[in-house]
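S.K.: Below, each chain spelled out in residue letters.
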Amino acid sequence: MPSTADLLPLPVAVPLAGAAVLVLAGRLLPRTATDILATAWAALETALLCLLWARAGDGRVVSWAGGWTIHDGHSVGIVLVGDRLGIGLALLVSVLVAAVLVYSWRYFEEPPAGHGGTFPALLLLFEAGMCGFALTGDLFDAFVFFELMGVVAYALTGYRIEDPRPLHGALTFGVVNSLAAYCSLLGIGLLYARTGELGMAQTGAALAGHRTDALVVTAFVLVMASMLVKSAAVPFHFWLPDAHAVAPTPVCMLMSGVMVELGVYGTLRIYLTVFAGPGGVPAAAFTHTLAVLGALTALTGAVMCWQQRHLKRLLAFSTIGHVGLWLLGLSLLRPQDTAGAALYITGHAGVKAALFGLTGVLLDRHGSVDEYGLFGRGRDSRAAGALFVAGGLALAGLPPFGTALGKAVAEHAAAERAGWLPALYVLVSALTGGAVLRAALRVFYGAGVVPEPSHSDVETSGDAEEPEVRDPQRPVPRTMTAVPALLLLGALAVGVWPGVGRALGSAARTFGDHAGYLADVQGTAAPALTTALPSTDWTLTGVLLGVLSTALAAVLAACAVWRPDRRFAAARGARTLAAWGDRRLVLPLRRLHSGLLGDYVTWLTVGLAALLIALAAQT
Amino acid sequence: MSILPFLAAGWILLAGIYGMVTSRNLVHAVGCLAVAQSSTYVLLLGVGFRRGGTAPVFSDIPTRTPVVDPVVQALVLTDIVVGTTVTALLLSLVIQIRKRTGTVDPEDLTELRG
Numbered sequence: 001m002p003s004t005a006d007l008l009p010l011p012v013a014v015p016l017a018g019a020a021v022l023v024l025a026g027r028l029l030p031r032t033a034t035d036i037l038a039t040a041w042a043a044l045e046t047a048l049l050c051l052l053w054a055r056a057g058d059g060r061v062v063s064w065a066g067g068w069t070i071h072d073g074h075s076v077g078i079v080l081v082g083d084r085l086g087i088g089l090a091l092l093v094s095v096l097v098a099a100v101l102v103y104s105w106r107y108f109e110e111p112p113a114g115h116g117g118t119f120p121a122l123l124l125l126f127e128a129g130m131c132g133f134a135l136t137g138d139l140f141d142a143f144v145f146f147e148l149m150g151v152v153a154y155a156l157t158g159y160r161i162e163d164p165r166p167l168h169g170a171l172t173f174g175v176v177n178s179l180a181a182y183c184s185l186l187g188i189g190l191l192y193a194r195t196g197e198l199g200m201a202q203t204g205a206a207l208a209g210h211r212t213d214a215l216v217v218t219a220f221v222l223v224m225a226s227m228l229v230k231s232a233a234v235p236f237h238f239w240l241p242d243a244h245a246v247a248p249t250p251v252c253m254l255m256s257g258v259m260v261e262l263g264v265y266g267t268l269r270i271y272l273t274v275f276a277g278p279g280g281v282p283a284a285a286f287t288h289t290l291a292v293l294g295a296l297t298a299l300t301g302a303v304m305c306w307q308q309r310h311l312k313r314l315l316a317f318s319t320i321g322h323v324g325l326w327l328l329g330l331s332l333l334r335p336q337d338t339a340g341a342a343l344y345i346t347g348h349a350g351v352k353a354a355l356f357g358l359t360g361v362l363l364d365r366h367g368s369v370d371e372y373g374l375f376g377r378g379r380d381s382r383a384a385g386a387l388f389v390a391g392g393l394a395l396a397g398l399p400p401f402g403t404a405l406g407k408a409v410a411e412h413a414a415a416e417r418a419g420w421l422p423a424l425y426v427l428v429s430a431l432t433g434g435a436v437l438r439a440a441l442r443v444f445y446g447a448g449v450v451p452e453p454s455h456s457d458v459e460t461s462g463d464a465e466e467p468e469v470r471d472p473q474r475p476v477p478r479t480m481t482a483v484p485a486l487l488l489l490g491a492l493a494v495g496v497w498p499g500v501g502r503a504l505g506s507a508a509r510t511f512g513d514h515a516g517y518l519a520d521v522q523g524t525a526a527p528a529l530t531t532a533l534p535s536t537d538w539t540l541t542g543v544l545l546g547v548l549s550t551a552l553a554a555v556l557a558a559c560a561v562w563r564p565d566r567r568f569a570a571a572r573g574a575r576t577l578a579a580w581g582d583r584r585l586v587l588p589l590r591r592l593h594s595g596l597l598g599d600y601v602t603w604l605t606v607g608l609a610a611l612l613i614a615l616a617a618q619t
Numbered sequence: 001m002s003i004l005p006f007l008a009a010g011w012i013l014l015a016g017i018y019g020m021v022t023s024r025n026l027v028h029a030v031g032c033l034a035v036a037q038s039s040t041y042v043l044l045l046g047v048g049f050r051r052g053g054t055a056p057v058f059s060d061i062p063t064r065t066p067v068v069d070p071v072v073q074a075l076v077l078t079d080i081v082v083g084t085t086v087t088a089l090l091l092s093l094v095i096q097i098r099k100r101t102g103t104v105d106p107e108d109l110t111e112l113r114g
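Protein sequence lines, in the order shown, are assigned to chains A and B. For the first sequence, the positions run 1 to 619 when full-length UniProt numbering is used. For the second sequence, the positions run 1 to 114 when full-length UniProt numbering is used.
Among the hints, a few may not be true.
As the list claims (entries may be wrong) - Mimicking SDA-like on lysine to any residue, the simulated pairs with C-alpha atoms at most 25 Å apart in a straight line are:
hint, chain 1, residue 1, chain 2, residue 2
1, B, LYS99, B, VAL21
2, B, LYS99, A, GLU162
3, B, LYS99, B, ILE80
4, B, LYS99, A, THR118
5, B, LYS99, A, LEU122
6, B, LYS99, A, ASP163
For the record, the hints were derived by calculation from the structure and aren't laboratory data.
All chains, please: the whole structure from these sequences, using the hints.
M.R.: This is the structure in structure tokens:
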């Protein structure tokens, strides 16, 4: 049996090899055989990561590629470092990839002869990039894996090249993400100029020899650029709804479920390992800046989510809202905050992937993802409707879903820093969950009146989508509802099974340990952890807040669907207020999402400049 | 070490970004992305430069000869490969956009908004 360190490179190597095999096999084997091979490959990867997760325990697995180990604190070798949070995220990636492969067994029309393996091969390549990013302990490798998953994601977004909209979305996605990645590479270059190291831990240790100056702050902002763009923090988020609106549904499941979350993970991983020590960026400055950014992201995402009628855009903005909550929680830097965010992300991955999968059922049946156009047309898809409602409730934070547990733990931790923060969690969950419930009520149950088409000049309707399947007569493949159901069950298990919370709690403590990470990479004895293990149990307040946000979501959805009677003065007042807010606040915000490449690049630049000024003022 | 390579890299990055922001042609925009990327080459090579150093190839020079940093050169090579992939993929998307919509002006692509 090989040692755990020897197994660590395999989660990157296995899907890479699988992608190569599938491209070849797709030319020779029939489609069913290719799909079975791809699914088996994904299952192998999942089993491998389960083994690594079990073996890693509370420590870290360090693997030096090619035996180029560290000497006297200096290294030129490439290091992979797996702790439970990184391995766990890679495990989440592999589970979702396996689910998506099963989901898309019968999803696309028959691929062109001789290219049956292209789509699963791209998915495995995507998986390799994401797993590599979760496991790397080297800044430059992080850039390479980031670009690997990026390039595959651009290709997957524009997979249906016969439709102009996916091409447009993929191009915007590609340009904005790659520009941010090059900014990060500049930042890595600056860090190398200061320290002569590329490993995260080694760079962090070498920074200690110098006081924090303009170079370190500039390098930090530049390195963070790609992470914040990937995690879709405002104002770096513009690419995300465009890409999600047009990507094939199975790809949306992966992008919203794990890819965006990898950006959140990268933000924290790089801060904690590189910049958290002396000579880096002070914790207070990081916390203040990222918390403001997170709150802004959460509010923008939630407000924009409520405005959407294009179902995929709606779900995409809800992801942005939740990313804001995670960034806000993680910015507080304590193990309990990290544990809450980790649980929240795990639960959210299942729920959001399930919701996208069910949207795919609608697209498959009706060739539309428009909430207005689909009014009442989903009545015959009972199972999909029930699952969609369950997904909306889980998104709103209904206990005992994993999202609710993550939200409860994060709220509890955030309330210790500022008492009003849980209100933000409740508001964002209620708005995003409410928007999903509203869509479910209209589409699957035909509730309320037929919504009047708005004549707004800033709207993506989502009707007249290219159906991703060409044969409307056939029944919806069973896998397309079975996989979302299983994903929702998974999200439920995260909340119900206490083992998950406990494991993530201890993983969060290890994740935040700057000194221990460095010691493990250098092969010296790590100082014992003194921080307490965060509690990840259900609390009464957490359950009540979860129920509160779910109830709010239900009320919001009901108000939107069955508009309250005009005769009540309160309803009239609320409507006038809503109309004013719509005109003065929401419309300008929607106009900013212009779909124009130049605008998005401008916002990226403005955002980086603002971050630079904010951090420079605090150091 | 001189500050000039840093300033040059910053200037090239800003020139590339300016081009992308004002571009009215997608081929030009992708080209500007490549320009922005070339700032990373300048910065990395500037970081590894050593006055009087020669190329880090020890086949025909004594091992004590001062050489420039080989690590950044490996980084730049990887960077070039990554950049080529990205540019090629984006340009192929532009070709498809031209085929489907008949335009390469980003201002004409207004399907996704709000």
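S.K.: Does each hint fit the structure? Answer for all of them.
M.R.: Here's how the hints hold up against the structure:
Taking the CA atoms of B/LYS99 and B/VAL21, the gap is about 24 Å. The hint holds against a cut of 25 Å. For the proposed pair B/LYS99 and A/GLU162, the alpha carbon gap of about 9 Å is at most 25 Å, so the pair holds. Among the hinted pairs, B/LYS99 with B/ILE80 is inconsistent with the structure: their alpha-carbon atoms are about 28 Å apart, more than 25 Å. Distance hint between B/LYS99 and A/THR118 is fulfilled; the C-alpha atoms sit about 22 Å from each other, no more than 25 Å.
Between B/LYS99 and A/LEU122, the direct Cα distance comes to roughly 24 Å. Compliance with the 25 Å bound is thereby established for this hinted pair. Between B/LYS99 and A/ASP163 the CA atoms are separated by roughly 10 Å; this keeps the pair inside 25 Å, and the hint holds.
Hint 3 alone, counting from the list given before, is not met by this structure.
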